[in-house]
Each structure stands twice: as C-alpha cells, then as structure tokens.
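Q: Single-letter residue listing:
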Amino acid sequence: MRIGVVTFPGSLDDRDAQRAARIAGAEAVPLWHGDHDLQGVDAVVLPGGFSYGDYLRAGAIAARAAIMTEIVEAAGKGLPVLGICNGFQMLVEAHLLPGGLIRNAHQQFIRRDQVLRVENNSTAWTHGFEAGQEIVIPMKNADGNFIADDETLKRIEGEGLVAFRYAGGVNPNGSLDDIAGLTNARGNVVGLMPHPEHAVEAGFGPDTDAAMKSGVDGLVMFRSVIERTLQTA
Amino acid sequence: MSTHIHTADTVENAIATPEKHQPYDALGLKPDEYAKIREILGRRPTSGELAMYSVMWSEHCSYKSSKIYLRQFGQKVSDEMTRNLMVGMGENAGVIDVGEGWAVTFKIESHNHPSYVEPFQGAATGVGGIVRDIISMGARPVAVMDALRFGAIDHPDTARVVPGVVSGISFYGNCLGLPNLGGETYFDPVYQANPLVNALAVGVLRHEDLHLANARGVGNKVVLFGARTGGDGIGGASILASDTFEEGGPTKRPAVQVGDPFAEKVLIECCLELFQQDLVEGIQDLGAAGISCATSELASNGDGGMYIQLEKVLLRDPTLTAEEILMSESQERMMAVVRPEKLDAFLAVVGKWEVETSVLGEVTDSGRLIIDHHGERIVDVDPRTVAIDGPVYERPVVYPAWLDALQADTASALPRPTEGAELKEQALKLIGSANLGDKSWITNQYDHYVLGNTALSFPDDAGMIRVDDSTGLGVAIATDANGRYCQLDPYAGAQLALAEAYRNVASTGATPAAVSDCLNFGSPENPEVMWQFSKAVEGLSDACLELGVPVTGGNVSFYNQTGDVPIHPTPVVAVLGTIDDVARRLPSGWQDAGENLYLLGTTALELDGSAWAGVIHDHLGGLPPKVDLQGEKALAGLLSAAAHEGLATSAHDLADGGLSQALAEAVLRFGVGARVWLGEIEERDGVDTATTLFSESTGRVLVSVAREDDVKFLGLAEGRGVPVLRIGVTDDSAELEIQDVFTVGIDELRTAHRAPLSTHFGAVVGQ
Numbered sequence: 001m002r003i004g005v006v007t008f009p010g011s012l013d014d015r016d017a018q019r020a021a022r023i024a025g026a027e028a029v030p031l032w033h034g035d036h037d038l039q040g041v042d043a044v045v046l047p048g049g050f051s052y053g054d055y056l057r058a059g060a061i062a063a064r065a066a067i068m069t070e071i072v073e074a075a076g077k078g079l080p081v082l083g084i085c086n087g088f089q090m091l092v093e094a095h096l097l098p099g100g101l102i103r104n105a106h107q108q109f110i111r112r113d114q115v116l117r118v119e120n121n122s123t124a125w126t127h128g129f130e131a132g133q134e135i136v137i138p139m140k141n142a143d144g145n146f147i148a149d150d151e152t153l154k155r156i157e158g159e160g161l162v163a164f165r166y167a168g169g170v171n172p173n174g175s176l177d178d179i180a181g182l183t184n185a186r187g188n189v190v191g192l193m194p195h196p197e198h199a200v201e202a203g204f205g206p207d208t209d210a211a212m213k214s215g216v217d218g219l220v221m222f223r224s225v226i227e228r229t230l231q232t233a
Numbered sequence: 001m002s003t004h005i006h007t008a009d010t011v012e013n014a015i016a017t018p019e020k021h022q023p024y025d026a027l028g029l030k031p032d033e034y035a036k037i038r039e040i041l042g043r044r045p046t047s048g049e050l051a052m053y054s055v056m057w058s059e060h061c062s063y064k065s066s067k068i069y070l071r072q073f074g075q076k077v078s079d080e081m082t083r084n085l086m087v088g089m090g091e092n093a094g095v096i097d098v099g100e101g102w103a104v105t106f107k108i109e110s111h112n113h114p115s116y117v118e119p120f121q122g123a124a125t126g127v128g129g130i131v132r133d134i135i136s137m138g139a140r141p142v143a144v145m146d147a148l149r150f151g152a153i154d155h156p157d158t159a160r161v162v163p164g165v166v167s168g169i170s171f172y173g174n175c176l177g178l179p180n181l182g183g184e185t186y187f188d189p190v191y192q193a194n195p196l197v198n199a200l201a202v203g204v205l206r207h208e209d210l211h212l213a214n215a216r217g218v219g220n221k222v223v224l225f226g227a228r229t230g231g232d233g234i235g236g237a238s239i240l241a242s243d244t245f246e247e248g249g250p251t252k253r254p255a256v257q258v259g260d261p262f263a264e265k266v267l268i269e270c271c272l273e274l275f276q277q278d279l280v281e282g283i284q285d286l287g288a289a290g291i292s293c294a295t296s297e298l299a300s301n302g303d304g305g306m307y308i309q310l311e312k313v314l315l316r317d318p319t320l321t322a323e324e325i326l327m328s329e330s331q332e333r334m335m336a337v338v339r340p341e342k343l344d345a346f347l348a349v350v351g352k353w354e355v356e357t358s359v360l361g362e363v364t365d366s367g368r369l370i371i372d373h374h375g376e377r378i379v380d381v382d383p384r385t386v387a388i389d390g391p392v393y394e395r396p397v398v399y400p401a402w403l404d405a406l407q408a409d410t411a412s413a414l415p416r417p418t419e420g421a422e423l424k425e426q427a428l429k430l431i432g433s434a435n436l437g438d439k440s441w442i443t444n445q446y447d448h449y450v451l452g453n454t455a456l457s458f459p460d461d462a463g464m465i466r467v468d469d470s471t472g473l474g475v476a477i478a479t480d481a482n483g484r485y486c487q488l489d490p491y492a493g494a495q496l497a498l499a500e501a502y503r504n505v506a507s508t509g510a511t512p513a514a515v516s517d518c519l520n521f522g523s524p525e526n527p528e529v530m531w532q533f534s535k536a537v538e539g540l541s542d543a544c545l546e547l548g549v550p551v552t553g554g555n556v557s558f559y560n561q562t563g564d565v566p567i568h569p570t571p572v573v574a575v576l577g578t579i580d581d582v583a584r585r586l587p588s589g590w591q592d593a594g595e596n597l598y599l600l601g602t603t604a605l606e607l608d609g610s611a612w613a614g615v616i617h618d619h620l621g622g623l624p625p626k627v628d629l630q631g632e633k634a635l636a637g638l639l640s641a642a643a644h645e646g647l648a649t650s651a652h653d654l655a656d657g658g659l660s661q662a663l664a665e666a667v668l669r670f671g672v673g674a675r676v677w678l679g680e681i682e683e684r685d686g687v688d689t690a691t692t693l694f695s696e697s698t699g700r701v702l703v704s705v706a707r708e709d710d711v712k713f714l715g716l717a718e719g720r721g722v723p724v725l726r727i728g729v730t731d732d733s734a735e736l737e738i739q740d741v742f743t744v745g746i747d748e749l750r751t752a753h754r755a756p757l758s759t760h761f762g763a764v765v766g767q
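For the record, the sequence lines run as chains X and L.
With this note's numbering as the guide, the letters of the first sequence map in order to residues 1 to 233.
With this note's numbering as the guide, the letters of the second sequence map in order to residues 1 to 767.
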C-alpha cells in the first residue's frame, strides 16, 4: 500500500502526512507538484500549508499545478484522495468538492483541539469510524469558513456529502451548517479543514481525558484507506 | 516608471572632490566616525561607501558600545561549557552538539523598534530574520518562540500594538510551517512607546551539515538568491535601531521591511537542498544592512577580498540608486559562495524551487571589497574596516543617582494580609492580572502542531521538540527576564533571568546546556543605562560560568526609551536543554487525582519587585530575591533524574506570583484539583502565610509524584541535598483548597485567569 503526498511550494504539513501514512502502515511516497506523475500510488494526500502563500485565494494556484491534472483524472476513476486544510481548499478550487472556503468569521488564525462528529462513515477515508462518532482533531487555519449557495448546500446535505461537522458546542470559524469536511458522492475524495495527520502519534497529538497529547483519532482515516485499498486489491 | 539614471559617486570622483559635503549625520554617523572613515580610506568615502560604513558602524550592527562588555562571555568559560560547543559567539548563531550525531543551533534577537512603528510587519520580519540566521548555519529551522513586552494592557495604543505584533508573528511563523512553542508576554508602562519583540528560532542539523559565513576560495562565485531587492527597509539598521524615537518626530514607516513568508519557506527548502547536495562553500543571510553587511562579513571572514558588479542585483524597483541597493533590507534574501564547477548544479536547485538568482561576482585575494556599478567603481575598501574593525566605545558609566533610594524602599514594609478572605482576594487578583493571566488569546493564534515533533508548548514551563524520531532525543527551550528585578539590581536581575530560564528547562526534565541572550536596554549614551548594562552582562556571564552553560550568541538592543525615560533593563535569557527521550518530559500540571505534591526549595520573605508588590500595592522597590546558583544546579540535577527515572508526573517552577500562582496554574493545566497545607513550610522557613503564598524566593519547584514513587523520590531529593516538603495531594474536587486559608473553585480560577486578555483584546474561540 503506497500513499502519495504532494509537495507544493509552501506546503507545510507534507512530511507530517508522510509520517502519518507510515505510522498507519503504508509506504509514503513524496510527489512533486510540477510532475505529471502519480508514481502508481494507491491513494493521494494533498497536505496542509500555505501553497503559493495563499496568493489569489487559498489553494487556487495549487489547484492548477501540473500534478492536479493527473489527480483530477485519477479521482474520477476512484483513486482515494484526501485534502487536509490547504489540501481541502485545493479540492474545492479544483471542483472535486463543492462550495468555498473563506476567511474565518473572527478574522484570525486559530489553532485548537477541535471536536468533530463523523457524519458520513462510508467513504474511503472514514469507514473505520462509527456513524456519529465524536473525535478530537487539531485544527489550525485562517481560511476555514465553509460557504456555499443555498442550492449547493441543500444538495450537500441532501446527498449526505458532509463527512465531518464541528461539534462539542464550538463552530470555530463560522462555517455553514458547522461543516468541517466533505466527501464527493462516490466517497473516494474527502477534504477537511482540521489535521488528522496531527492526531496519529501519542505524545504529539491533541490532549484527551486519558493523558496529554495522547489523541490518535486521525490514525483511523489513514487506516481506513489502507484497509479499503487492500480489500479492493 | 521613471527612467532616470542616477549618476553614481565614484572613487575617482571622491578623490577629485575631497571637500564635497556628505550627509553623514543624517545617516547616523557622528563627526569623529566620519573623520575616521576618511582616515581609513585616505580620501572621502564615496556615497556608496558612506552608506556601507554608516549601516555597518551603527550600534545595531557593530556593537560599538557593548563590545568591551560582551567579551566577558568569551572569557569566563570552563571546560564544561566548551565541551559540547561546536560554534560559539560571533557566527550567525551558536551550535551545540546534542549527541547521536545531531547538533542544535538557536538564537534570540530583537525587532523592537520596527514593531512599534509597524507592529505587524515589524514582528513578522523579526521572525523571518532570526529564521534566516538559523538556515545560514546549515540547519533546518524547527521551532520559534517569542519574548514580548508591551505597555499597560489598558492603554489605547496597546490595543494597536498587541494585535499587530501577535498577528505578525502568527502570520509569518505559521506560514513558514514552524511550530511556535510560546515564550513570554509582559505588560508594563515602561514599554509603552517602546515594546520589546524578541524572536527566537531553533534549528537542527547533522554535524556534517554545519555551514559558516565565509567567502573562501579565490574565483568562487558570489551568488545572491531569494527575493528581489526593493526599497523597503532602507536605513532600517542605522536610523531605526540606533536612534531614540522622539515624540512628534517624523514617521519612520518607510524604514520598516515588509515580509513574505512564502518566499522564505521556499528559500528554506531550497537552501536545505543546496546543503544536502553540498553546493555552497559559505552562506550568509541578508538582514540588517543587506548587501553591505553580507559582502563585507563574508569577505572579512574568508580570503579577504571580493569583487561585485552591483548592477547584477535583481531589483523590484529599477529606479533604486546604488546606495539604496547597498542599504536595502528587503527580506528573504541569501548570499552564497559557490565553486564555479558547482554553479550549474546550484542553479538547477534554485531553478527547481523557482527562486530568482543572480551571480554578482567572485571571491578574490586582493584584501579589498570592490563594488562596481555599470562599470563605475563605487566601493573600494578593506572589508575588515567595515565589518570587524568598527568603532569601539568605552561609554561613561555612572551609578544611578536614584538607585539607593529605590533599594531602600522594601516591599517588606507593605501590609500583608493574615485573613483567609483577603488572601484569597489577593491571590485571585494576581491570577487575573495582566502579566499572570492566561495568554491563550495570543498562543491560540500560533500553530504548535506543524512538523509533528512538539512534545511541550505553552503553557508548560518550556517548549520541547523531538530532534530524532527514532530515539526520541529532544531539546527544551525557555526564555525569561524580569525587568522589575533588573531595575532594582541589574547584576542580580540578569542572573535571576538566567536562573529562571534554567529552572524552567529543568522542570521539563531536560538538562540545561546553552544560553542565548537578547539584551534590551535604554540609550548607551546615558551613563546610568550603561552602568545597568555593564552590571547585567557581568552578572549574566558570572552566572553562566557558575552554572556551566555557555552563551552561544544573541544580540544587544539599545535605545529602548522614549523621550528621557529608558525601559527597565530587560536582558531576555533563553536556555536550551537536552533530553534523551521526550517521552519522559514533565508537563507543568498534574493529570491525575491521588498524587502527592512536593515543594522543592525554601521560602523567605522576598517580596521586593514581586508581582504581589506590583499588582496589590503598585510598588517597586527593595532588592530582588537572593540568587542561589548552586541550589539551582542541584535542583536541575534532581528534576532531570526524577524525569529520567519516571518518579515525577509534573513539575512547575515557582516564579512571578510565587506558590499561589504556581498552584493555580498547575490546577488549571489539566483541570485537576488539589488540597494543600502550608503549615510545615511556615514552620520550617519561619514565614507567614502571605509570604508563603506570594514570595518569589528562587530555586523552588512544585512537583507531583505518584504515591508508589514517594519513597524513591524523597530519597532522590535528600540524596541531592534539595530541601523537600510534602505540601498536598491532588484530588477530584474541582477545587484548589489551601487548608485553613481559603478554597477556590477551578471554574472561578479559570474565569479570573482568562479575564485580562479577553477583556482587552477579545474573546478566545471556544472559551
């Protein structure tokens, strides 16, 4: 099982996503934004960061990078793709997921350990969770406020495309319907603002009731895609 | 766009027109310094040379007032201090061997004046500058921290400066992908028109990746790469950092640089790939004094000569004059020395990262730094006279006339409460004061997760990061300074800053190993300030020798005053420590009920300069707490051993606000309550309850120990001669109970703790 992680100029959590893939049991394959080559990986992660300095709009320039041609095409054929934070913004900019992400309602960058509710546990990246399960995943962004027009929002809700919702009584950025992450209808493309790759290793994750920095809920996402890939292989 | 071509002042022209008036004073040079430049050159300087000398001889770049004192850091050294020191003071940053083939570099530096003029960009570029110092050593930057000081929290201008500085740090550091581990934030009216923004960066490298800033190898190419050179920050070093703000003076906004963290992030990755492929011989970042500094320092530290064609510098603004190009402090630029045969490979790497690059010239053995602009010779100097042999001043030093009276005014004479209700009221007032309140409003804007190696960060006593995934080897870093103590006694105050940072690092279980300092003072032209500076450096260097930790670098920031009022002397001391395995780290509060609480160290009536005296009585006077460095050493040894053997579950240093504050913070850390008794402390140390709660005696740490480890922990403490008393137990009560004195609910503590920053700057999301 090989998980590719794309590095764009300004990617920040690319090596962290590689580490998460390794901890979950996959081989991590670094991919370069300028290559038209997915190196035959079984899944792709678009990592967090500020690709191209968030110039124009967050994710807008990266969504037009060379490698995105291959990713869009492969996603259409069912390749599992996960967009984290800036990667989620790219997926939206590339129209693989609906809606848009704008400046947080409070206008600040925010970093916090965030409770999420798993709304759709049938995707390639979430089937290891229970439906409705509450998990804790760190978030850290300035442009995580999800928007969509009424019609799109109705479709998102109607078709069950909400993968994660902010829970625990806190919507940290003003997102419509508390939306933290989405899936496409097929369930192979998932994007979310919080960072599951930062909840994979005890000692470096979010605090839990059991012990400080012991949260590893994010690991389930990487294990989900490994399991799904091995099943379908 | 203007096509005006500036006629450069050439060397030939300078010789022909010796009497031409030159605006040296507007560039910050004194008449005798200008005369000295003429003497060195044997003629008047060209305007380009004048620009170079003016920035490089500025206080900020030349350390001309501090040099004679800073030598002590190099003189007071023991074998213990140099054993693990790979690079000491004088390079871009010091480097420490941390074992297993790994080395760590770190440095703290000021960006005070720009952050007052333009808080967002000033603070942002402060982070950018210190990070480039770290890259210049061949290291991957892995963390940042900040030591911040602002004016009164309720002053209208503080509402401009704080959000600007915090968002500048947040924006730049977060976009660079560097975890911000915290630092410190203080509010005091002495910093009202002169906030202190001290930025620290840490980098990690393998021993073999070490790089230095020198230009060796005749014929090697001098390459400038990164962002283009623009008109920002011109004269920043000479005018901004080296002169006092005058009220009503002209705004100095154009002299502040503008940062682009995206460009810096790409530059980091590009440099690391260049290092990995061994494509650079020497490297230097461009910070204060830009190209003037980089060329003269690289040449001075290498074979002594360099030839540059200045028109090859890629410009953002084609109308810049040669002098402006030499002085520009545009950010995100680096200068490398590259072997000709490696130039193509070098260009391939920078091309991959889409970093703009130009070859400016080459290394020579002429002993001269020669710069031509469009074929005209505009600079011909011995680079050492620019970068190394600048002026050195022995400024007048005078014992402050006001100090004896201040020291005589002890806080011991202030009324101390004896009733529980009043003690509780004072404890809550302290917890809810600006300096002791919760800093989440600030730290929630910082990403501490990125890179996935952060083992500890705010609000723990020190930040800690893993260096090696496979072994868990890590480093801890803390910064401290107490300007109030330093105002009372700069010698002891500087030592107390070191002792606290040292203790903070030790409280995480790490072993202190090295020091970097950022010495923030008033004007060196004020003899009383110069006395404070001399005492602080003497105190700090003496204490480093006694604790066995070397100063590896740092910086001096003078002219921190507005009008005639200097800031309190604020020597910010950063201590870095090492730990074999970050899994053994200790947080600053307990996570479980049913553990025993121990107080290490003893308590005396030491309220002079304390938070209690300041918050409750608006008082500053007397003498700061006694320094006991041998006690600190024993304490650090104990904490490191206890962490290593897994005998403690948390450790929290007692500092500002004393035991009362430490208990409150430890309870709030994970929301687990405690029941504490003070009787045995009071009996053993002969102190009253208010003193027990609020005294700031040094060398004290609050430790939680699981019941099964009690005997071993006590044995360890006694064996090392550290005074120890069991003072309480942790429990499920959701309260902090101080038996027979007062009980306060955790919710009430939390509300008080969060109040100051959220009241003045806004709510924290989710609170």
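Among the hints, a few may not be true.
Reference listing, derived: stretches of chain L covered by chain X, where coverage requires no fewer than 3 residues with Cβ under 8 Å from a Cβ of chain X [claimed, not checked]: (1) 165-172; (2) 361-373.
Some chain X residues close to chain L (C-beta under 10 Å, calculated; not the full set) [to be verified]: (3) Thr7; (4) Ser11; (5) Leu12; (6) Asp13; (7) Asp14; (8) Pro30; (9) Trp32; (10) His36; (11) Tyr55; (12) Arg57; (13) Gln108; (14) Glu151; (15) Gly168; (16) Glu197; (17) Gln231.
By construction, these hints were calculated from the structure, which means they are not laboratory data.
Where a beta carbon is used, it is the ideal one built from N, C-alpha and C, also for glycine.
Q: Next, verify each hint and record whether it holds.
A: Each hint tested on the structure:
1. 165-172: Our answer is that it holds, as 3 residues pass the Cβ test (under 8 Å) against chain X, meeting three.
2. 361-373: Since three or more residues must qualify, the claim that chain X covers the stretch 361-373 of chain L is violated, with 0 doing so at under 8 Å.
3. Thr7: It holds, given that the least Cβ distance between Thr7 of chain X and chain L is near 8 Å, below 10 Å.
4. Ser11: Where the cut-off is 10 Å and the nearest Cβ of chain L is about 8 Å from Ser11 of chain X, the hint holds.
5. Leu12: 3 Å, holds
6. Asp13: 6 Å, holds
7. Asp14: Hint holds; Asp14 of chain X Cβ to chain L Cβ min 9 Å, cut 10 Å.
8. Pro30: 12 Å, violated
9. Trp32: 9 Å, holds
10. His36: 16 Å, violated
11. Tyr55: 7 Å, holds
12. Arg57: 14 Å, violated
13. Gln108: OK, holds: Gln108 of chain X within 10 Å of chain L, min 6 Å.
14. Glu151: Hint on Glu151 of chain X: violated, closest Cβ of chain L at ~30 Å, above 10 Å.
15. Gly168: Cβ of Gly168 of chain X sits 8 Å from chain L, so the hint holds.
16. Glu197: 7 Å, holds
17. Gln231: 29 Å, violated
In summary, the structure is inconsistent with hints 2, 8, 10, 12, 14 and 17 from the numbered list given earlier, while agreeing with the others.
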